[in-house]
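Colleague: One-letter residues, chain by chain:
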Amino acid sequence: MTSTLPAATGVTVPAQRTAVPRTGSTGRTRPPARLRSSRPDLILCGVLLAAILVVQGWNIADYPTLSDDEGTYLAQAWAVQEGRGLAHYTYWYDHPPLGWIQIAVLTWIPAHFAPESMTVGSMRAVMLLVSAVSAVLVYVLGRRLSLPRWAAGLGMVLFGLSPLSVVLQREIFLDNLAVMWTLLAFCLAASPSRHLWHHFGAGIAGAMAVLTKETMLIVLPAVMLTMWRHSHRDTRKFALTGAVTACALIGISYPLLALLKGELFPGDGHVSLWDGIAYQMTRPGSGFILDPDSGSYGVLQSWLYYDRVLPLGGLAGALLLLLTWRWSVTARALAGPALAVAVLALVALRPSGYLPAMYVLQALPFLALVLAGGTASVAHAVLRRGRHSGEEKRYATWARYAVATALAAASAAYVVPRWYDGDRTAMTADANAPYQAAARWMGTQVEDPADTRVLVDDALWLDLVHHGYEPGTGVIWFYKADLDPAVTKTMPRGWRDLDYVVASPTVRRDAVDLPNVKAAMEHSTPVAVFGTGEDRVEIRRVQSAGGAR
Amino acid sequence: MLTSVFIAVVSLVLFWMAAFTLWWQMHAWRTPEVLASTRFSRPDGDGHVSFSLLLPARHEQAVLDHTIQRLLESTHTAFEIIVIVGHDDPETTEVARRAAGRDPRVRVVVDTHGKKNKPKAMNTALPHCRGDVVGVFDAEDQVHPELLAHVDHAFRSTGADVVQGGVQLINFHSSWYSLRNCLEYFFWFRSRLHLHAQKGFIPLGGNTVFVRTPVLREAGGWDPDCLAEDCDLGVRLSSVGKKVVVAYDSDMVTREETPGSLMSLLKQRTRWNQGFLQVYRKRDWKQLPGFGQRMLARYTLMTPYLQAVSGVVIPLNVAIALFLDVPVGIAFLTFLPAVTALVTFVFEVVGLHDFGKQYGLRVRFAHYLKLIVGGPFYQLLLAGAAVRAVWREQRGRTDWELTSHVGAHLAHTTREDVPA
Numbered sequence: 001m002t003s004t005l006p007a008a009t010g011v012t013v014p015a016q017r018t019a020v021p022r023t024g025s026t027g028r029t030r031p032p033a034r035l036r037s038s039r040p041d042l043i044l045c046g047v048l049l050a051a052i053l054v055v056q057g058w059n060i061a062d063y064p065t066l067s068d069d070e071g072t073y074l075a076q077a078w079a080v081q082e083g084r085g086l087a088h089y090t091y092w093y094d095h096p097p098l099g100w101i102q103i104a105v106l107t108w109i110p111a112h113f114a115p116e117s118m119t120v121g122s123m124r125a126v127m128l129l130v131s132a133v134s135a136v137l138v139y140v141l142g143r144r145l146s147l148p149r150w151a152a153g154l155g156m157v158l159f160g161l162s163p164l165s166v167v168l169q170r171e172i173f174l175d176n177l178a179v180m181w182t183l184l185a186f187c188l189a190a191s192p193s194r195h196l197w198h199h200f201g202a203g204i205a206g207a208m209a210v211l212t213k214e215t216m217l218i219v220l221p222a223v224m225l226t227m228w229r230h231s232h233r234d235t236r237k238f239a240l241t242g243a244v245t246a247c248a249l250i251g252i253s254y255p256l257l258a259l260l261k262g263e264l265f266p267g268d269g270h271v272s273l274w275d276g277i278a279y280q281m282t283r284p285g286s287g288f289i290l291d292p293d294s295g296s297y298g299v300l301q302s303w304l305y306y307d308r309v310l311p312l313g314g315l316a317g318a319l320l321l322l323l324t325w326r327w328s329v330t331a332r333a334l335a336g337p338a339l340a341v342a343v344l345a346l347v348a349l350r351p352s353g354y355l356p357a358m359y360v361l362q363a364l365p366f367l368a369l370v371l372a373g374g375t376a377s378v379a380h381a382v383l384r385r386g387r388h389s390g391e392e393k394r395y396a397t398w399a400r401y402a403v404a405t406a407l408a409a410a411s412a413a414y415v416v417p418r419w420y421d422g423d424r425t426a427m428t429a430d431a432n433a434p435y436q437a438a439a440r441w442m443g444t445q446v447e448d449p450a451d452t453r454v455l456v457d458d459a460l461w462l463d464l465v466h467h468g469y470e471p472g473t474g475v476i477w478f479y480k481a482d483l484d485p486a487v488t489k490t491m492p493r494g495w496r497d498l499d500y501v502v503a504s505p506t507v508r509r510d511a512v513d514l515p516n517v518k519a520a521m522e523h524s525t526p527v528a529v530f531g532t533g534e535d536r537v538e539i540r541r542v543q544s545a546g547g548a549r
Numbered sequence: 550m551l552t553s554v555f556i557a558v559v560s561l562v563l564f565w566m567a568a569f570t571l572w573w574q575m576h577a578w579r580t581p582e583v584l585a586s587t588r589f590s591r592p593d594g595d596g597h598v599s600f601s602l603l604l605p606a607r608h609e610q611a612v613l614d615h616t617i618q619r620l621l622e623s624t625h626t627a628f629e630i631i632v633i634v635g636h637d638d639p640e641t642t643e644v645a646r647r648a649a650g651r652d653p654r655v656r657v658v659v660d661t662h663g664k665k666n667k668p669k670a671m672n673t674a675l676p677h678c679r680g681d682v683v684g685v686f687d688a689e690d691q692v693h694p695e696l697l698a699h700v701d702h703a704f705r706s707t708g709a710d711v712v713q714g715g716v717q718l719i720n721f722h723s724s725w726y727s728l729r730n731c732l733e734y735f736f737w738f739r740s741r742l743h744l745h746a747q748k749g750f751i752p753l754g755g756n757t758v759f760v761r762t763p764v765l766r767e768a769g770g771w772d773p774d775c776l777a778e779d780c781d782l783g784v785r786l787s788s789v790g791k792k793v794v795v796a797y798d799s800d801m802v803t804r805e806e807t808p809g810s811l812m813s814l815l816k817q818r819t820r821w822n823q824g825f826l827q828v829y830r831k832r833d834w835k836q837l838p839g840f841g842q843r844m845l846a847r848y849t850l851m852t853p854y855l856q857a858v859s860g861v862v863i864p865l866n867v868a869i870a871l872f873l874d875v876p877v878g879i880a881f882l883t884f885l886p887a888v889t890a891l892v893t894f895v896f897e898v899v900g901l902h903d904f905g906k907q908y909g910l911r912v913r914f915a916h917y918l919k920l921i922v923g924g925p926f927y928q929l930l931l932a933g934a935a936v937r938a939v940w941r942e943q944r945g946r947t948d949w950e951l952t953s954h955v956g957a958h959l960a961h962t963t964r965e966d967v968p969a
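Chains Z and W are the protein sequences, given in the same order. The C-terminal residue of the first sequence carries number 549 in this note's numbering, and the numbering is unbroken. The C-terminal residue of the second sequence carries number 969 in this note's numbering, and the numbering is unbroken.
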């Protein structure tokens, strides 16, 4: 039997958890060292998780509308599964490939047993898994940042049940996976045992997040801040350098991949990482977010259409926490998420930047946490501030509880009806009937799919692949007909080499800038139309096609 | 295809080796609690254990007296110093006898073995020990006056059979290799040894090691034929379940200096490696009860050789990945060991910073640079020592490779028996 000196004999471990200084006040439940052995936490988290899964999972395939990006990532995941490389068209370093490699892994088993299920609608189901993990991590993080149990639960509800979250988290977006990794990084950074390898793991998880969606890079300083506050003075330098090293080394694997493929720098006849980054950095801006004429303003309005509570309330919460930094324990404990919100908000405010519609996804968990934290802060102020044990008159205590109840009731009265409407729409509306009908038509009414060439948007691409069209050159992502030399080479006669165009809203919108697609649209007539108005999906037969073949 | 499989297997094996070594090296800093537990606990002022401190000295008249004086300044109340000198070394004997004349706590034992080495000298002194605990120091050690009181308390509060105190090379600024050598000691005594103590398999260091006298006598003292008698003793004691406690306090460590030249470092390392190999072949570690303990023993005792191999193979592996036409996935795998090596490098840099802080030493930018640039060359040195050790063991050359004594003023730099 050998052992090191027991820690208890004399040298007391300086209990300097600088991260979560606690006041001696009563109402705060101390986060247990091991959440998984705390029954109330498990029950609360489990119940909330079940509710979130029901709301997010019900009707997941039919709402919201299939997005082009979902189709892109899932098709690339399909290409990975099929062993066709990192994409079925040339992989051009638009994003690091780790995101859809993960989607490929997640969808591997269902796709193996039912290959035809590898379509956007059905594979949204795997996003439930990601949402579930993220929601649990939000709760764990809330507890690790020493939020009381109810506030951590509130954070989880805000994150999982806001109509904005329900809509966006259902979709196969890389951001959802990146958020999961980022939350994992935060949880490991705030590990109560302050273990060196947990912090090292936080670095790895941070790198995974960035390699899943590169924009997560801007959230990493907030992970560092959390780690700084949660590490111990004596081991901090090892923890932090370990995390940074881990993050950098994993991150380097992306340029290394490009290097090994000989595609790090631009050159004739091949794509390169350099060009990919240059493209992303020079994407035309969508204008200032508060300018009503800009594209960014439209994106902002589309978020606020689904929910105002989480984005605006979260921002207000972050502001409150930043302002009360000096006095509020909660504010200091939530420094990491508050910083994440601040950074993401500042980046969104760049006047020249490009603001994608899913941008807000990265902010959702942090908005939820700071809003929950702000609520906890207010609750604490109302119920406990200035109170010393036993001294207070009874009516004063009653008044405190009355105020708290009134505030809670007012917020519930504002939030619940709006969220009920939003979530009911998400659980009942059928937004994808036109797409499904179009896919069915293409599968049943076209005689020889294997020899038919058709332009579709990415969301329908896999459906047609399963119907027997030739992936890549038979069923074509519409914009590749103009932008990918490997595809245009197979269309020497331009639009005359095509048979059909499935004109979804996306195709109609983007055709303006794509000559081949535009020409195909102009020289075709609808043979079937599904849905009405802006959202209709037309199947257009190219006029010359019949004669030419 | 075969090349790919081969490269993948080699890469993964190297990766796991490096990862485990790194994991163990960083043991002390895993959590603040672990770090706090590696220190000595504060003594309660009560002294109950009496010490016999062995001080083998050979051609060390220049430093011996100072060491004895410093040991005599210890705050502990019950100890004797037994200086062991050779019958063929009148100068050192003279210094020892004079010290004994001045203070009754100092005694001199003369070792009359024809072929001399450190374990034989200490075994000669063992029957003369009157204390409850035998402690070992080297003639050039600087021992902290309060160390004995702390060790006393550690024995009483933990019920240990063996207490190993920290040993630290300090002169990191002397040369590029002394910088790395100091850091090796830092990671070994500050961190890795504690893991060994916890796991129940520990190669002890050569000094600042304290063993209960009956335990030591029962074990038959030190193995006179082993080139790493310190390591061997630790392995034998822990293999039969003796409780070993390790404590490291930066102000309580025994301070030493690195070998004076690259050649003597090489020889010292060769001796350790050969010693480790001998201990491995003695198979005492096979008595360890746990499979994990035996694996740790196997791995630790073979470390010099694995180090030698990985030092050569890692760069080779990366070169293959870059210049040979292998699939991208396989090429990625070949970088794994290099990644671990890089992480180790970074932690070494941080370790150097911590070392400077702990000892109040000023570490300059140039030192960090030396640490990084010197890394591969030090690796080469280690590999050389490992190869040399295998070769010597194979040829049956098991003598203590003491370099010829060119002069008394150099005496203490020619000793090769600084412990691991």
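Don't take every hint at face value.
[Claimed, not checked] Facing chain Z, according to a computed beta carbon distance under 8 Å, are these residues of chain W, among others:
#: 1; residue: Pro581
#: 2; residue: His722
#: 3; residue: Trp725
#: 4; residue: Tyr726
#: 5; residue: Tyr829
#: 6; residue: Arg832
#: 7; residue: Ala880
#: 8; residue: Leu882
#: 9; residue: Val888
#: 10; residue: Phe896
For the record, the hints were derived by calculation from the structure and aren't laboratory data. Even glycine gets a Cβ: it sits at the ideal position worked out from N, Cα and C.
Colleague: Evaluate each hint against the coordinates.
Modeller: Now the hints, each set against the structure:
no.: 1; hint: Pro581; verdict: holds (4 Å)
no.: 2; hint: His722; verdict: violated (21 Å)
no.: 3; hint: Trp725; verdict: violated (22 Å)
no.: 4; hint: Tyr726; verdict: violated (24 Å)
no.: 5; hint: Tyr829; verdict: violated (19 Å)
no.: 6; hint: Arg832; verdict: violated (19 Å)
no.: 7; hint: Ala880; verdict: holds (5 Å)
no.: 8; hint: Leu882; verdict: violated (11 Å)
no.: 9; hint: Val888; verdict: holds (5 Å)
no.: 10; hint: Phe896; verdict: holds (7 Å)
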